[in-house]
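> Please work from the sequences and hints to get the whole structure.
Residue numbers (our numbering), protein chains in the order written: chain L, 4 to 351; chain U, 4 to 351; chain G, 4 to 351; chain Z, 4 to 351.
Treat each hint with caution, since some may be false.
Same chains, same label: a pair holds when it works inside one copy or across any pair of copies.
[Said to hold, decoys possible] Derived lysine to aspartate or glutamate pairs resembling EDC-like cross-links, with alpha carbons at most 16 angstroms apart: (1) Lys272 / Glu334; (2) Lys86 / Glu107; (3) Lys316 / Asp131; (4) Lys308 / Glu346; (5) Lys304 / Glu45; (6) Lys317 / Asp130; (7) Lys316 / Asp130; (8) Lys222 / Asp195; (9) Lys279 / Glu223; (10) Lys156 / Asp195; (11) Lys274 / Glu334; (12) Lys304 / Glu345; (13) Lys317 / Glu298.
If you are wondering where the hints come from, they were derived from the structure by calculation, not from laboratory data.
One letter stands for each residue in the lines below.
4 protein chains.
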Amino acid sequence: MVSFTSDYNTGAHPEVMKRLIDTNAEAVPGYGADPFCAAAAEKIRSAAGVPGAQVFFLTGGTQTNAVVISSMLADYEGVIAAKTGHISVHEAGAVEYTGHEVLELPQKEGRIIPEDLAAYLAAYYADDNHEHMTFPGMVYLSHPTEYGTLYSKRELGQIAEICRQYRMTLFLDGARLAYGLMSGETDLTLRDIAELCDVFYIGGTKAGALCGEAVVFTKENMPRHFLTSVKKRGALLAKGRLLGVQFDALFTDGLFFRIGQHAIDMAEKMKGIFRKYGIPFFIQSPTNQQFVVMEDGMVEKLGRKVAFEFWEKKDETHTVVRFVTGWSTSENDLLELDRSIEEVIRGV
Amino acid sequence: MVSFTSDYNTGAHPEVMKRLIDTNAEAVPGYGADPFCAAAAEKIRSAAGVPGAQVFFLTGGTQTNAVVISSMLADYEGVIAAKTGHISVHEAGAVEYTGHEVLELPQKEGRIIPEDLAAYLAAYYADDNHEHMTFPGMVYLSHPTEYGTLYSKRELGQIAEICRQYRMTLFLDGARLAYGLMSGETDLTLRDIAELCDVFYIGGTKAGALCGEAVVFTKENMPRHFLTSVKKRGALLAKGRLLGVQFDALFTDGLFFRIGQHAIDMAEKMKGIFRKYGIPFFIQSPTNQQFVVMEDGMVEKLGRKVAFEFWEKKDETHTVVRFVTGWSTSENDLLELDRSIEEVIRGV
Amino acid sequence: MVSFTSDYNTGAHPEVMKRLIDTNAEAVPGYGADPFCAAAAEKIRSAAGVPGAQVFFLTGGTQTNAVVISSMLADYEGVIAAKTGHISVHEAGAVEYTGHEVLELPQKEGRIIPEDLAAYLAAYYADDNHEHMTFPGMVYLSHPTEYGTLYSKRELGQIAEICRQYRMTLFLDGARLAYGLMSGETDLTLRDIAELCDVFYIGGTKAGALCGEAVVFTKENMPRHFLTSVKKRGALLAKGRLLGVQFDALFTDGLFFRIGQHAIDMAEKMKGIFRKYGIPFFIQSPTNQQFVVMEDGMVEKLGRKVAFEFWEKKDETHTVVRFVTGWSTSENDLLELDRSIEEVIRGV
Amino acid sequence: MVSFTSDYNTGAHPEVMKRLIDTNAEAVPGYGADPFCAAAAEKIRSAAGVPGAQVFFLTGGTQTNAVVISSMLADYEGVIAAKTGHISVHEAGAVEYTGHEVLELPQKEGRIIPEDLAAYLAAYYADDNHEHMTFPGMVYLSHPTEYGTLYSKRELGQIAEICRQYRMTLFLDGARLAYGLMSGETDLTLRDIAELCDVFYIGGTKAGALCGEAVVFTKENMPRHFLTSVKKRGALLAKGRLLGVQFDALFTDGLFFRIGQHAIDMAEKMKGIFRKYGIPFFIQSPTNQQFVVMEDGMVEKLGRKVAFEFWEKKDETHTVVRFVTGWSTSENDLLELDRSIEEVIRGV
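So this is what it looks like as structure tokens:
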């Protein structure tokens, strides 16, 4: 059955796979000290325009969030995130497991609004008892957000300015960064992100790798003895090459960006199909995740023909569902989706 | 340069790699709910003779130790390990990071002696103030140990009996289990281990996989909501298939055991080479790690021809070095080692 | 200067102090194994009508919350609290420090509304991905709340029923319980609380003791080896007698209730003073904390005559301030407050 | 029954008690911002000869160790302690609960030997893989040690020098410091300790207070926002005055030192009694804890007349027992001990 359930439901992009095969026999040092990691880091620095940045490869998104946040916060600090942020809701309390509080802000379609952030901080420091409350030490954003939405360059700039003012670290979770960068409706480049954020990561798992996220410390601010902190958190791979080889492939010949562009193109065509059949959007997403509202009967019938994900109940008789495109989504998959919707509508 | 530095310096065994390629395009659910994980678990249960066991796949050894130990101990408990155990020394305090103490016992060539364990527990419970001390809740063993040595069936049985008596969990770290099982000097089978231990893991990373360890809960004792505990520790892979596919390959046509046998065969031949040149063994290891003592001058010269690992200084003029074999060690590698030693001795 | 800043700004009630003096020379065992702790526990069991309850004495409120919550939650669980709850805001992340998430619910004057709780739980378990989210394992209430408000017997019963339904622990923070129990506007007795809650604590620090909170496990549900868990969290006093003696005094001749009644009487008289001068209440509090709204000029002038606490800004020109009564608040203090307000209004 | 079980089995020294009574009615700010804490801190700075030191009051010893160690170590660091150190054995894993490893060194009568420390550090940094091992970031000493023994000024100086060399913090646990300072066999003064150590604490609980330890950061090195870190660990008392008042009393008219001297005098007389009856010492302790070896029969019979503590079995028929003196030990208590031993020996 054709599947739009996620951007991590198939294996690796063929070019990533080929690189793994080609390098398989080489004997190299473990724990990230191999030439593949070094080459990948260099390509990432170059693509992001930050020659002095430090790059460290980790395995998955929740792990990366917990490792980065807990090793960069001071003891008395917590991290600010949108109430709908991944670390607030969908990581089973991984940040709290490291002993730090997630300070939740209101959100708009998944985004933190700069004014809300400024108001929160002003109120915090105005409170005589704020030393009895967790200090805000970092702002966590996801780009794209959990709703597939994006920050504008102006918004990210405002948030970065507030962070500087309050001496907080700005951390951007780019688990789906490929789709944010290649969206037709963004003015934020990889270089902008590297310039504005103190640390961010480039998601591999959801962009054609088997696993892997590349953390970029943009201001020579990688925590001292970070390798030991990573090891202590059980996040250091013996065969670090697995991550280095894949990111080296992703940043060769612009593969990472091509993967992003392909998924965006597929998503745009998919949006056209939904529009053709008058299926309304729950949210206007300019990236590879599309949220639409369907009658429950349609959800059930369509679900027998193509795979997609339940998101939330909209009302008594309607449901929000999510369709995601990725490196492996094909024109044929979309034809199958088109045909399936038509059949359901025609009552076939 | 030919390398004997570790059993994780090359990529995946070709049969593992082939399976990754063959399954790459299939769209499957994430987070370990895929058919490959299910098939691999079934094959492992069958190989270990524990039809009711629960199998969970994690990424690396330190991660596995920390996740298993912290999710199985009670709040007031710690884990007993040999003073030289991997969790005691070489995991950067990963167990302590989860809030639990490692209770160190004396060791003999890396092994815990059953009598020492019994004496420790008797003294603990005889102490009127033991409620001010961490309760011993688990025994951690590695098999092979960090010195390449092995427990006998009798020793493991004695330790298991003590664990039962004191209601402690017996956990066996099998990061290099393939080499323990296929050693010519062992009477312990995979079935014995599954029967005697409450939980153990089968190392993939050091036995031909790119990454991956298979945890086996042998007594239907997987902690409740374990998936959530794994997620909370940042250890849940989105593409869980990566682990499932590899272990499915490892447990198809006995690949795991063939890899173990090959490395043992290579190690035995390597031992013959050391004997031929009168290079003494630091320890008698029946597995794939060999520790030998060399004059410092020889270490330096040989190090220019083949790669191996510094272990520790023996005395002013001698050093203990480690040579490891693995799935990719070849007869040619051994010829090269033989030739290199000869050249060093001949002063070439 | 007369002070209404808090109910912990003076030392111990004279009857508590006297007991400390009278028992000072007796040599007794440490760590809570003394006869004073035993006697106090027995008196508390009797007053609460729970003969089988287990009572454990801790030093302060934040400590008690962190110790109780972290030792009663399962690894994969978090605790539900009002967004304004003490553990959510004013404990510097002490619960998160133990590795557990605080799941924040909306609140009404500091209270959790049973319907909101039920809706949250229904949505949680309806979510297919809830295993990626922290399990709700406990409900935390404060009674009185941080705003001095109270739960009715009906509300607490409804919440208890929901907890039973979802197998969650119901924990009531009674840091100011004395004032909740003796309020003129409550129908909840100590016996009701002991019957409905799984665990609660009786605040000593804010009710006439130098320090101390008495945790009551009402269902023989004190965690196994709790003393060790308390020790592990640095919360076990060597001279446990300090807590036992004070609670023994508090539960002799109804001192605890007399202290509560006195503070409530003083608070009611204080409310009369505010009403006399037309100073509006920010919230209708039936306990010993009163929140009133004053013009900023009045706040400044009154602040030079009597001590009280800034709570929050109401608008550009008004401020919410807090006045608290306690065991040591006297009729003279109130006369002084009355006179001071009059002087400020008259412009003296 | 006369008791020599511990130095915390009675209440507070009368002068401490009197100060609590005298200050009881004063209304002061909470959380340590009261004038008593300020005055006590000033007296301690003066007594220790460190005018710029920062002083913070905590409640008990295990709490103090965990708070100080965890807030001063970097993420990747652990603390070195003697194998018999209090944090290694008798704190139920409180340091590990904060996520940090205790690195155990051999000991001699409870002391760390400077040479052992130097050797440990040299070996650690010589190891190529030390980044996979916990970094040693602090040395923890207790003075007196758990065996009542003392460091000489020369030894402490050597250890301090090694700490400087390796940029480690030197932390001295002075739970029984009063008895170390007033021992007849020490050349270490409070000023020496303040000069040589980066942080140490002065034990109140075991020296005449109801509770309380005074942490002294000697080099303006109190961790930033330490109050918040203390609060986060549940260790901040609302009525911080309880600690301030007691330490103010202890450091008025040399009370702390008089208490120490008294206990030492009593201990010396007690040693004379043991010598008179030929009861051998297990260890030569120059402080207020005395360890002697008795036949099991004598232990049992004497235990019916005076209270003391079982320490450990010496051999099949002998036991090591501990007798402790404190502020409340009287000449009469010693007469009773003398008479009791005589009666047991005479078979009465």
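> Against this structure, judge whether each hint is valid.
Here is how each hint holds up against the structure:
When the C-alpha separation of Lys272 and Glu334 is checked against a cutoff of 16 angstroms, the pair qualifies only within one copy, where the shortest distance is 9 angstroms, while the shortest distance between copies is 56 angstroms. In this assembly of identical chains, the alpha carbons of Lys86 and Glu107 lie at most 16 angstroms apart whether taken from the same copy (5 angstroms) or from different copies (10 angstroms). When the C-alpha separation of Lys316 and Asp131 is checked against a cutoff of 16 angstroms, the pair qualifies only between copies, where the shortest distance is 12 angstroms, while the shortest distance within a copy is 42 angstroms. Taking identical chains as interchangeable, the C-alpha atoms of Lys308 and Glu346 lie at most 16 angstroms apart only when both belong to the same chain, with a minimum of 10 angstroms there against 69 angstroms between chains.
Neither within a single protomer nor between protomers do Lys304 and Glu45 lie at most 16 angstroms apart by alpha-carbon distance, with minima of 49 angstroms and 33 angstroms respectively. For a Cα distance limit of 16 angstroms, the shortest separation of Lys317 from Asp130 across copies, 13 angstroms, qualifies, whereas the shortest one inside one copy, 39 angstroms, does not. Proximity of Lys316 and Asp130 under a CA criterion of 16 angstroms is satisfied inter-copy only: 10 angstroms between copies versus 39 angstroms inside one chain copy. In this homomeric assembly, Lys222 and Asp195 come within 16 angstroms of each other (Cα to Cα) only inside a single copy, at 14 angstroms, whereas the closest approach across copies is 42 angstroms.
Taking the closest pair of Cα atoms, Lys279 and Glu223 never come within 16 angstroms of each other, the shortest separation being 50 angstroms inside a single copy and 52 angstroms across copies. When the C-alpha separation of Lys156 and Asp195 is checked against a cutoff of 16 angstroms, the pair qualifies only within one copy, where the shortest distance is 8 angstroms, while the shortest distance between copies is 57 angstroms. When the C-alpha separation of Lys274 and Glu334 is checked against a cutoff of 16 angstroms, the pair qualifies only within one copy, where the shortest distance is 13 angstroms, while the shortest distance between copies is 58 angstroms. In this assembly of identical chains, Lys304 and Glu345 lie within 16 angstroms of each other by CA distance solely inside one copy; the values are 11 angstroms within and 74 angstroms between copies.
In this assembly of identical chains, Lys317 and Glu298 lie within 16 angstroms of each other by CA distance solely inside one copy; the values are 9 angstroms within and 46 angstroms between copies.
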